[in-house]
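Protein chains: 2
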Amino acid sequence: MFRIHIRAIHVPTYVIFGANTDVGKTIASAALTFAFKANNPSFIKPVQTGYPVDSDARFIKSIVGSASIKTLFKYTDPVSPHLAAIQESRIVDDDDFVGKVKEEVGLSQDQAGVVFIETAGGVNSPTISGTLQGELYKRFGYDAILIGDSKLGGISTTISAYESLLLRGYKIPLILMFDSNYKNHEIIEKECKTKVILLEQPPSKHQDSEIDIKNMVSYYQRQNLDRIVEFLNDYHKNRIHDLEEMKSAKGVWWPFTQHDLVKRVMVVDSAVGDKFFVYENGKIKQLFDGCASWWTQGLGHGNTKLALAAGKAAGRYGHVISPETIHEPKHLLTQKLLELTNNHFSRVFYSDNGSTAMEVAVKMAFNTFIKRNQEKLPTDSLKIIGIQGGYHGDTIGAMDLSDPNVFNSRVSWYTGKGMWFDAPVWELSQGKHIVTNIPNHEPVQYDRLSDIFAESRSDLKGYYRELIISRLKQATEDGMVFGSLVLEPVVLGAGGMLFIDPLFQRTLVEVVREPQTWNPKSPPIPGKLYLISVIFDEIFVGMYRLGNNLPSVSPLLGVQPDITSFAKCLTGGLLPLAVTLSTDEVFQSFRGNTKMDALLHGHSYTAHPVGCSVALESLEIYKNLKGNEWNPSKILQLSKLNKIKRVNALGTVLVVELTSAESGYLSNAAGDFVKNLYENGVFVRTLGNVVYIMASQTTETKVMDEMLDLIASLLK
Amino acid sequence: MFRIHIRAIHVPTYVIFGANTDVGKTIASAALTFAFKANNPSFIKPVQTGYPVDSDARFIKSIVGSASIKTLFKYTDPVSPHLAAIQESRIVDDDDFVGKVKEEVGLSQDQAGVVFIETAGGVNSPTISGTLQGELYKRFGYDAILIGDSKLGGISTTISAYESLLLRGYKIPLILMFDSNYKNHEIIEKECKTKVILLEQPPSKHQDSEIDIKNMVSYYQRQNLDRIVEFLNDYHKNRIHDLEEMKSAKGVWWPFTQHDLVKRVMVVDSAVGDKFFVYENGKIKQLFDGCASWWTQGLGHGNTKLALAAGKAAGRYGHVISPETIHEPKHLLTQKLLELTNNHFSRVFYSDNGSTAMEVAVKMAFNTFIKRNQEKLPTDSLKIIGIQGGYHGDTIGAMDLSDPNVFNSRVSWYTGKGMWFDAPVWELSQGKHIVTNIPNHEPVQYDRLSDIFAESRSDLKGYYRELIISRLKQATEDGMVFGSLVLEPVVLGAGGMLFIDPLFQRTLVEVVREPQTWNPKSPPIPGKLYLISVIFDEIFVGMYRLGNNLPSVSPLLGVQPDITSFAKCLTGGLLPLAVTLSTDEVFQSFRGNTKMDALLHGHSYTAHPVGCSVALESLEIYKNLKGNEWNPSKILQLSKLNKIKRVNALGTVLVVELTSAESGYLSNAAGDFVKNLYENGVFVRTLGNVVYIMASQTTETKVMDEMLDLIASLLK
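Note that the protein sequences, when read in sequence, are chains A and Z.
Taking my numbering, the leading residue of the first sequence gets 4, the next gets one more, and so forth.
Taking my numbering, the leading residue of the second sequence gets 4, the next gets one more, and so forth.
These are computed hints drawn from the structure, not numbers from a lab.
Take these hints with a grain of salt, some might be off.
The list treats identical chains as interchangeable, and a pair is accepted whether it falls inside one copy or across any two copies.
Said to hold, decoys possible - Simulated pairs of lysine to aspartate or glutamate, EDC-like, Cα-Cα distance not exceeding 16 Å:
1) Lys705 <-> Glu632
2) Lys64 <-> Glu342
3) Lys374 <-> Glu588
4) Lys77 <-> Asp99
5) Lys193 <-> Glu138
6) Lys193 <-> Asp462
7) Lys339 <-> Glu248
8) Lys174 <-> Glu138
Use the sequences and the hints to build the structure in full.
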């Protein structure tokens with residue numbers, strides 16, 4: 004069953020990092036523990052090397068007798084944990100490590116007033132498995148205290164350690180450090196947005212351990228440690244106050260949201276991998292982000308590699324105006340995109356999101372159409388061919404690509420400019436793979452999903468052809484002039500997660516490229532020219548959403564568009580960047596002697612270096628992923644449940660349509676199911692009675708299995 | 004006169020940073036210098052403390068006799084440079100420091116085959132002025148070599164130092180470090196995307212300096228240093244190859260660009276502050292970014308604070324779906340925006356760029372209009388009132404807000420949906436402040452610019468009122484129904500940098516809020532309700548573009564809109580984020596019992612944490628800026644030149660319209676002037692014969708003065 008982790012936040016819990024090894028981390032940790040000795044402090048040392056000669060926990064216990072102390076993983080060799088673990092053949096897997104620490108912290112929180120977890124070495128020192136400490140500990144979502152470096156050079160190591168913690172998403176309320184002649188704290192305080200508290204240099208170690216302890220206790224007593232207690236208590240109080248206050252979401256106007264119907268505001272304290280850390284009634288609850296944050300998550304939340312990719316481009320360029328300039332991230336990303344789509348396209352046009360990418364695509368398509376048809380056509384009334392239920396964004400031009408629907412019904416300037424086919428869909432229903440919603444035709448059953456996608460498949464081809472041609476003929480006879488075919492290939496997303504029969508889309512593309520068969524009013528063009536161009540909107544389905552080997556889904560359909568668009572997963576799920584790719588013919592149609600002939604479209608941050616750098620890093624990571632999948636046999640079983648009308652699973656996408664009288668975007672049939680998923684740690688959004696769970700491309704198959712089991716148990 | 008810095012790139016030049024103090028940086032630097040001893044190496048030590056007892060340069064000279072060596076700033080005290088400088092009362096200003104180093108490197112490059120610059124301490128150690136070293140040295144644009152830390156804890160310090168360098172925009176081709184039992188290099192090599200070269204541990208220091216030198220020379224001879232030469236030579240060759248290759252900008256489709264007319268591709272190697280580092284024929288040329296990268300730059304290129312703000316949100320959240328969720332950066336930015344606009348607005352709607360912010364604004368305005376007018380109106384043909392030459396973005400909805408112009412003339416789906424006023428403008432012409440382009444009225448002259456902006460001004464008010472009312476009456480009688488007034492307040496940007504008479508815009512806003520005076524076909528609404536709502540498009544002019552105290556420019560006009568939009572400078576100039584702010588009435592108009600009543604608009608990355616975090620940091624920095632300005636008397640002199648038709652200067656914007664027969668967006672009259680500016684180190688873009696230079700909000704006034712002098716000298 005899917006595991007959910009809830010942790011109390013009323014017990015302040017801090018991870019203590021050192022700016023370097025040998026900065027007095029344990030002495031400082033003891034100071035923290037000592038400071039809180041009236042609060043029943045708990046001290047956890049997850050990894051201790053050099054044990055039992057060295058034991059930070061024992062030292063702390065000797066100073067703060069009342070503290071609860073614990074050392075979790077002990078190694079004899081006094082070296083880095085990753086080396087000791089290899090030497091002593093006791094390597095601990097990251098998941099086990101995290102599980103064990105969580106468990107211990109949980110036990111501590113039941114009794115303690117404050118919990119300190121002391122790391123080993125510096126921020127980026129490897130832990131047992133070799134994973135960097137800062138990286139592994141971010142999975143807990145605790146705040147950090149950094150022990151600064153007071154030595155010569157300590158300004159640099161402290162600020163760099165601080166920056167490494169920031170890049171890994173830590174809040175760092177406090178830098179604690181020792182005073183020294185170098186006065187390192189002065190510049191550290193100026194550069195880091197963090198409170199710095201100074202301790203005097205501790206006394207040197209006395210050979211007699213009893214005297215040493217006495218010396219240390221007296222040292223701690225001299226340090227006015229109430230400063231620390233006061234500061235951290237205030238911090239913690241404000242931290243909870245801020246989380247509480249955020250619940251009101253004051254001043255925020257949410258997209259696609261009827262504010263009067265909002266029942267719960269999710270206060271997201273942080274997010275790591277597939278999980279949100281959500282604040283709720285004094286607790287932090289981990290929730291699987293089952294909508295992949297509006298289908299954007301490819302590489303998970305709080306991905307340090309992407310954070311670094313963003314930071315490095317920001318530091319090297321900031322933004323660079325786009326026209327007539329080139330910078331390395333833009334150059335390399337452009338080459339990579341052309342290569343990933345097998346050099347079918349020749350140009351990449353950058354913009355900011357799916358809507359703008361599609362507006363650009365349409366401008367490209369219509370211009371190409373005009374150039375292809377070397378004569379005056381009534382271009383101001385050009386229409387597009389689409390599929391019912393398509394969605395391409397919320398700017399007016401993008402809206403006009405869709406048939407009338409709930410999204411555009413109240414928009415004054417919406418005027419759907421096209422003709423849309425009601426298309427056949429495939430699904431898994433009652434254990435059977437079927438293609439259904441075929442106009443005037445019974446559903447057709449297939450043995451396997453791969454049969455439906457087979458490029459050799461021809462069963463319904465003739466039927467589809469006739470259907471398409473007759474409708475197009477009628478429309479052109481009625482006076483419509485089509486400038487482009489616009490498709491979301493394979494899956495229609497926002498329109499209800501409709502998985503279109505690939506044969507239908509393939510046939511549609513083929514037919515519109517044979518204009519003479521259906522467009523009697525437009526002259527046939529000889530040679531390679533076709534009348535209208537084909538746009539794919541891969542904003543949702545592209546960039547590996549539908550499969551480990553599918554940067555573009557064109558291979559699934561076996562046909563290529565003239566223009567395609569990507570966004571969402573392009574940046575791994577971090578920030579906005581969109582691209583529209585075109586064939587050379589499309590690009591050439593804008594060449595000429597005047598600026599007027601050019602594509603006069605652009606946005607301020609076109610091809611911003613940060614976005615390009617993050618996308619480049621993402622594509623690098625995607626390439627090396629081994630892939631994941633929704634378990635086919637579990638899916639099959641799911642589809643047999645009475646409460647389920649259909650299941651679709653492809654790539655990281657799982658769709659479950661519930662059996663219900665009412666359906667559509669405004670339906671709330673799935674309410675209870677969604678609520679139950681939430682209670683079990685899975686956050687999902689629905690499209691009416693269509694519930695979807697979207698994993699990221701890095702979600703482990705075993706987690707996906709757990710979710711399938713959860714769904715089965717909730718709907719059985 | 005404006006200074007331009009050009010540096011050769013054919014001589015490889017590296018800044019050597021240490022992961023910490025005491026990592027053997029000088030021994031490693033000597034290895035690098037020794038390795039290249041056949042190439043006439045040059046070694047520069049910008050700052051040496053502990054001199055003359057310590058001298059890294061002297062040590063290197065003793066090892067590599069043939070090297071040219073130089074120590075620039077020497078201090079006696081063996082402490083951090085910032086402390087030594089205070090102690091010895093010899094503080095060096097950052098600009099002077101940079102100037103001196105540049106000069107020395109320049110001299111070295113004339114003779115040397117390779118130049119090494121050794122820093123002091125660690126990456127983030129303060130330099131003489133207290134500025135962090137990594138921060139100051141990025142102003143040179145050289146690549147970095149990092150000397151890794153081989154000691155216990157050195158994995159962490161090395162990786163953190165590496166990350167700090169990345170955040171400051173350095174390319175780091177090489178980490179050089181000593182081998183040790185800890186095998187630090189193994190994890191460092193795995194985590195950092197950089198070549199690691201290992202050296203054996205050096206021999207311990209011999210008391211007899213002559214023997215010590217012999218020992219060291221023999222040590223270096225054993226290290227097979229050709230590995231380093233080979234690697235760095237390859238790197239350098241590839242680096243130049245890559246820059247050369249980028250010139251083709253293969254596959255890039257530039258926005259707003261006729262590719263056939265492109266004469267020069269600017270290869271931007273990096274950018275710092277106001278400057279691009281542009282690669283051109285084997286040289287790196289520094290160019291002032293005089294178009295503020297399409298008007299986005301508020302806080303300069305490569306701003307480390309913004310890089311950190313981006314990195315920390317990326318590390319803490321990645322992206323978080325927007326509806327019904329809140330996260331700290333979104334929460335805090337929302338409060339800050341409402342506060343900066345004096346709580347006139349109640350809600351913030353997030354989107355990605357100016358176009359989308361304006362599409363949202365129009366949807367808001369029309370819905371408000373419908374709610375205000377509680378009866379059936381022909382809402383599908385709602386029109387807007389605007390000003391000729393306005394520009395609001397390139398999506399179809401945003402385009403339809405503008406009158407027909409060169410941008411939209413070839414766009415099939417463009418159908419301008421409004422009525423536009425030809426508005427009076429102010430300018431400085433032949434030394435006089437005038438308001439001109441007043442329909443059927445002579446230009447009016449004013450003593451000072453502040454007279455034109457005076458809120459008490461009433462001279463042309465009656466005239467403007469009549470003009471506006473009569474035109475509106477006529478239009479409504481002709482059957483137009485207006486849903487909104489859409490203005491770029493104060494300045495029309497892309498339409499030609501037209502500075503509209505503020506009195507005209509103020510009067511226009513006032514008139515449209517008195518519907519009964521001019522709209523006989525629409526019923527007057529009693530009480531506080533007005534018929535149409537007013538949108539300000541502050542995407543260009545907002546966020547301090549027009550003045551140090553002007554997050555919004557509404558105070559300049561003395562009237563407030565119902566809805567306003569910001570983007571561009573909102574993120575300091577780093578990445579896309581846009582907001583549309585509305586009054587509570589506007590927000591309330593979307594409330595209801597169904598989702599259908601809501602504003603069903605959104606983009607995947609709505610209110611992405613990275614953007615919100617960067618914007619928040621930017622607003623914090625803007626608040627503390629002391630401001631800058633274009634020198635009023637220099638401006639006045641400029642306006643008297645024969646070649647100049649008009650000058651406008653406001654905030655960071657300077658506009659110079661050249662005297663020319665032809666004008667407009669497609670004109671190329673300014674070509675020579677632009678070329679001359681470029682040759683003198685200032686990159687600008689034009690709007691026809693309108694040349695503008697846009698500083699960032701952090702550009703120093705003295706730099707702006709230099710540019711005014713340059714312009715005067717070029718156009719005299």
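Numbers of the earlier hints that this structure fails to satisfy, in rising order: 2, 6
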